[in-house]
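Asker: Spelled out, the chains give:
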Amino acid sequence: MEKIESAAESRKLLNKITNDLTRSIVKKDELTRFWFFILIMFVIVGLWGWIVQIKTGLGVTGMRDYVSWGMYIANFVFFVAVSLIGFLISSALHLLKIPWAKPISRVAEQVAIAFVALAGIIIVMDMGRPDRFMNIFLHGRFASPIIWDVTVITTYLAISVLLFYIPLIPDLAILRDKMSDKLPKWQLTMYKILSLGWKGSAEQYKTIYHAMRVLMILIIPVGLSIHTVTSWLFAATLRSGWDTAILGPYFVAGAFVAGTAAVIMVMYVYRLRYGLKDYFEDFHFDYMGKLLVFVCLVYLYFNVNEYLVPGYKMKEADGIHLNELFQGNYSGVFWIVQVAGLILPIFLLLFSYFRKPLPISIISFVVLIMAWLKRYIIVIPTLEHPFLPVQNVPGIFQHYSPTSIEVMITIFSFVAALIIISVLAKLFPVITIWEYASEKGIDKKYLTENDKN
Amino acid sequence: MNNKISYIIIAILFLSVQSFAQEWLVPGDQRNIKNPLEYNLDNVQKGKDLYLKNCKSCHGDPGKNNALPLVPPPVDITSEKMQKNTVGELFYKITNGRGGMPQFKTNISEDDRWRIVNYIMNFNPNREPVLVAAPKVKAKIMASVNEKERKVEVFAEHEVKGKYSSLGNEQITISAKKYFGNIKIGEVTTDNNGRAEFNIPESLIGDEEGNVNMVVSLGEDYIAEAVLLEEAKVGQNKKVQKLIKPGILWSTNENIQIWLLLSYIGAVGAAWAAIAYVVFQLIKVKRLGKTEH
Amino acid sequence: MEKNTRRKFMKTLGASIGVASVAGSSSLLNSCAKIESNNGDKIKLLTSSGELVEVDKSQLKPAEMPSLTEFQKRGREGLPGKSWVMVIDLAKCRNARQCMKACQNHHQLRPEQHHINVLQMQDAEHTAPYYMPKPCQHCDNPPCTKVCPVNATFKRDDGIVLIDNERCIGCRFCIAACPYSARVFNWFEPRDAEKYKGVTYNIEANVPQKKGTISKCLFSADRLRDGKLPSCVSACPNGVYWFGDRNEDAVTNGTTKETVNLTALLKQNAAYTLMEELGTKPRVYYLPPKDRAFPFQEEIKNDH
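The listed protein sequences correspond, in order, to chains V, S and W.
Residue numbers for the first sequence follow the numbering used here, beginning at 1 and rising by one.
Residue numbers for the second sequence follow the numbering used here, beginning at 1001 and rising by one.
Residue numbers for the third sequence follow the numbering used here, beginning at 2001 and rising by one.
Calculated directly from the structure, the hints in this document are not laboratory data.
Keep in mind it's a predicted model, so treat the numbers as computed, not measured.
Heads up, the beta-carbon is just placed ideally off N, CA and C, and yes, glycines get one too.
Check before you lean on any hint, since a few could be wrong.
Claimed, not checked - With a straight-line Cα cutoff of 35 angstroms, these simulated DSBU-like cross-link-like pairs (lysine-lysine) come out: (1) K426(V) <-> K97(V); (2) K445(V) <-> K1284(S); (3) K97(V) <-> K444(V); (4) K199(V) <-> K440(V); (5) K1056(S) <-> K2267(W); (6) K1239(S) <-> K2257(W); (7) K1233(S) <-> K2267(W); (8) K1084(S) <-> K2290(W); (9) K1056(S) <-> K1105(S); (10) K199(V) <-> K444(V); (11) K1056(S) <-> K1163(S); (12) K27(V) <-> K12(V); (13) K16(V) <-> K1242(S); (14) K1105(S) <-> K2101(W); (15) K192(V) <-> K1284(S); (16) K2281(W) <-> K2210(W); (17) K1284(S) <-> K102(V); (18) K1184(S) <-> K2281(W); (19) K2210(W) <-> K1233(S); (20) K1053(S) <-> K1177(S); (21) K2210(W) <-> K1105(S); (22) K1093(S) <-> K1056(S); (23) K185(V) <-> K1290(S); (24) K1286(S) <-> K444(V); (25) K1290(S) <-> K445(V); (26) K1053(S) <-> K1140(S); (27) K1184(S) <-> K2290(W); (28) K2267(W) <-> K1184(S); (29) K1242(S) <-> K1290(S); (30) K185(V) <-> K1048(S); (31) K277(V) <-> K97(V); (32) K1048(S) <-> K2101(W); (33) K2281(W) <-> K1151(S).
To be verified - The following label-pair restraints were derived from C-beta to C-beta distances: (34) V1130(S) <-> A2128(W): 32 to 42 angstroms; (35) Q2297(W) <-> N323(V): 22 to 32 angstroms; (36) K27(V) <-> E1254(S): 55 to 65 angstroms; (37) V1268(S) <-> T2263(W): 39 to 49 angstroms; (38) I362(V) <-> A2128(W): 55 to 65 angstroms; (39) G1266(S) <-> P130(V): 25 to 35 angstroms.
Put together the whole structure using the sequences plus the hints.
Answerer: Structure below.
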């Protein structure tokens, strides 16, 4: 983009950009309060459910000795999957120098932080003895995939937070300098502390560019391992349906689908709610649509491998598992997931009409629900069919169905993720102001000059 | 849940009462089958051996009422309840079994099953017993183990008219003590002087040093305590395989594979070093902000 | 006040009771867990096999019970020089379920929790059905201890896979990893939790059970230490189980108490291990259900 030479023009444009992008922070209305009120209500109900679960035991869930992992683990896998988008958009696409992805990267990081944090929380809620959580650090066994998962999730969370925070520093300085009359004092103090005395000097820019580059490279192996290690929780067992070498890349591919859909939805909500039509432009949705088609195709390829190869051979236990998916109890869910979550989006998004903001957001919503159901049928049917018959136990042991407590805690986890995203959107601009301004040709020196002269 | 347990208990009780109450009916044509084998000493003796091997563990010693405490209880073969069966009925019941009583049609031949019937008939009040157990005689065993020659030397005596004298031509059982019981390793017959020597087989396994406790005992016809010999180094050394050793994936951190530990520490260390480096850059940003005042 | 002292007494109460005269079987009274009532000279005791017996008070003497850490330490070490194996003769099983009952009593399990479970099996459509008792296989390449994040389940040098329910975090990864469905979880307060409150945890029997932790067959490691056969092995009325030390090459039948050579037993009966293709190297051998002593009675149902 060419440079804007005139100072007045630069300032005017910068003012507009700043106003647009800080609207979400400044704006205070009933709807926001109502939104938070609803979310907090759900959180309270969910936490109450957790207290009941701790008091009575995990028996309040539908899980039993055979299906010993249920909806919580499905949620966990789903959250880890969605969070992987932070890696794809803010690192992979950046390093590939794909310019349109830049404004989206903060949204992607919000989603990543929220969901990876909730992945950690939901796994604690799934534990029989959450009071012994510290045992993981006191007695951790290096050979256990759970330890690897805990490590990699913590690392990924740290990197995601930094990757969210570092590009934010110049924006925080803008907020600190230009919003003094619009925001409460505590908020300004927070911006002041977090902006680390940002002056906008070339040296400082150089330093944060450098730091970001380090993080973007670092997040590639960490991002890939977070979902690969999660897949190993299943692939490390001998169970049919899990015992495959392809599970790692299969999960990673599936994660990109879920994450892309989640980011598209969040983008659409911001665009609508904060009036950011000129920032999340139609072409962004168009590109994201193409990206979704691409990742869906990759995922489809892995799906064909995952089901066709064992389905061709129908080994004893694999055969029971696949029959259950193809034409048994889970066939309804299985085929809906394959069609509505994979084949239909690929087909529809080939048409440019469906890549417009509203249609693509609706498609993304469907894809996201299907992605969750997919995790559900990855976890549960395998456990319902162990190698040896399930006998001499009550009927509830043979088939899993989630209980109301599980539903409450699941809703809690989703709502908590929404709260994290909402709070981040309420405190920080959803698009990087300074990056966007320089894209538009505004010289960096205008960013830090005082507004009121 | 308690309800469920009590239902189960009631069901079990009900079932067992039923099996008590229900007469074990044998089809008419089977009841009156004649015993094809002759009731003679040979058949009864063989029947006894078969009984000891297959039946005694539940039904106990004849006449001692020491059956296993099962529900329904196994019946003593000398009892009236047992003896009022016809031979056909006994044969049918041994063959087919019911409830806790196994079927023997698959693993005892027809003739042998009749031999067991013959043995039971030996205790029938209406028949002359052909196999009469001699009154048990008090006996003593003295034994020692010769480590060098790997031999057990036995001297047996029995009581004749109030005096002990050497017990000749009698079978002595040699066993070795194991953790849960004695394993029989052979038999030896005493000579006329009541002495016997048993060559310990090479294959015998002892403890880690090859030590074994040998056990010497007499047959059922004698009242004699089995002799537990002192530990002697006559067996092979027990090979103790070490299961837990370094480099085993399923073991604790102490035995972790080096490659795994190094990869883990390497990867985690590198990632967090990079994160620390980035944090350091942030401190640098802050410092730059201050100095340019 | 009285209740308090009784509890304290009970905690230190060991197994040294001369009882051969009181009950027919002397194994009945080992490791008595709780005093039920205290009337005069007789007191009621709950035995490890779950029976309530009345004993003269003078026959009781408190024994030193090892402390929790002592239990855990020796529980992790195991019995030196031993290598426990079990042989299950499928030809003898008639689904009497005495093993399951004895096991549930010993390990304080709820009725739906099975450390050992007698399954009705049919290998293929036209093959004969049979009963198969299925304890933990105590694999020599255990998939369960491999995945435990906190080393709460572990394998000892004598081959037994144990659980420390004072450390278990309840992640249930081991349940997912076990191909034999041998593990159970305490989804609720365990059976008789109130009764056993305050009793020192014995890692070798995994009692008292704890809510939110795993349990499974332990080959009755506490009984082995006392030179006794596992609960299920002793309880079987049909001679199904053989148990012993592989290093000694001898196994003892729980019903007949006969001791035989392990190698010969396995060889003569064409023994096999369960799902050996998985490479778990089980320590439980099965003798095939040929010439079964009891006919299979129920209708076999397909509930894989």
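Asker: All hints, please: hold or fail.
Answerer: So, going through the hints one by one against the coordinates:
no.: 1; hint: K426(V) <-> K97(V); verdict: 29 angstroms, holds
no.: 2; hint: K445(V) <-> K1284(S); verdict: 20 angstroms, holds
no.: 3; hint: K97(V) <-> K444(V); verdict: 21 angstroms, holds
no.: 4; hint: K199(V) <-> K440(V); verdict: 21 angstroms, holds
no.: 5; hint: K1056(S) <-> K2267(W); verdict: 25 angstroms, holds
no.: 6; hint: K1239(S) <-> K2257(W); verdict: 25 angstroms, holds
no.: 7; hint: K1233(S) <-> K2267(W); verdict: 28 angstroms, holds
no.: 8; hint: K1084(S) <-> K2290(W); verdict: 33 angstroms, holds
no.: 9; hint: K1056(S) <-> K1105(S); verdict: 18 angstroms, holds
no.: 10; hint: K199(V) <-> K444(V); verdict: 11 angstroms, holds
no.: 11; hint: K1056(S) <-> K1163(S); verdict: 34 angstroms, holds
no.: 12; hint: K27(V) <-> K12(V); verdict: 21 angstroms, holds
no.: 13; hint: K16(V) <-> K1242(S); verdict: 75 angstroms, violated
no.: 14; hint: K1105(S) <-> K2101(W); verdict: 29 angstroms, holds
no.: 15; hint: K192(V) <-> K1284(S); verdict: 16 angstroms, holds
no.: 16; hint: K2281(W) <-> K2210(W); verdict: 29 angstroms, holds
no.: 17; hint: K1284(S) <-> K102(V); verdict: 25 angstroms, holds
no.: 18; hint: K1184(S) <-> K2281(W); verdict: 29 angstroms, holds
no.: 19; hint: K2210(W) <-> K1233(S); verdict: 47 angstroms, violated
no.: 20; hint: K1053(S) <-> K1177(S); verdict: 21 angstroms, holds
no.: 21; hint: K2210(W) <-> K1105(S); verdict: 48 angstroms, violated
no.: 22; hint: K1093(S) <-> K1056(S); verdict: 16 angstroms, holds
no.: 23; hint: K185(V) <-> K1290(S); verdict: 22 angstroms, holds
no.: 24; hint: K1286(S) <-> K444(V); verdict: 18 angstroms, holds
no.: 25; hint: K1290(S) <-> K445(V); verdict: 18 angstroms, holds
no.: 26; hint: K1053(S) <-> K1140(S); verdict: 26 angstroms, holds
no.: 27; hint: K1184(S) <-> K2290(W); verdict: 26 angstroms, holds
no.: 28; hint: K2267(W) <-> K1184(S); verdict: 18 angstroms, holds
no.: 29; hint: K1242(S) <-> K1290(S); verdict: 64 angstroms, violated
no.: 30; hint: K185(V) <-> K1048(S); verdict: 102 angstroms, violated
no.: 31; hint: K277(V) <-> K97(V); verdict: 24 angstroms, holds
no.: 32; hint: K1048(S) <-> K2101(W); verdict: 34 angstroms, holds
no.: 33; hint: K2281(W) <-> K1151(S); verdict: 38 angstroms, violated
no.: 34; hint: V1130(S) <-> A2128(W): 32 to 42 angstroms; verdict: 40 angstroms, holds
no.: 35; hint: Q2297(W) <-> N323(V): 22 to 32 angstroms; verdict: 29 angstroms, holds
no.: 36; hint: K27(V) <-> E1254(S): 55 to 65 angstroms; verdict: 59 angstroms, holds
no.: 37; hint: V1268(S) <-> T2263(W): 39 to 49 angstroms; verdict: 48 angstroms, holds
no.: 38; hint: I362(V) <-> A2128(W): 55 to 65 angstroms; verdict: 57 angstroms, holds
no.: 39; hint: G1266(S) <-> P130(V): 25 to 35 angstroms; verdict: 31 angstroms, holds
The structure does not agree with the numbered hints 13, 19, 21, 29, 30, 33 stated previously, though it agrees with the rest.
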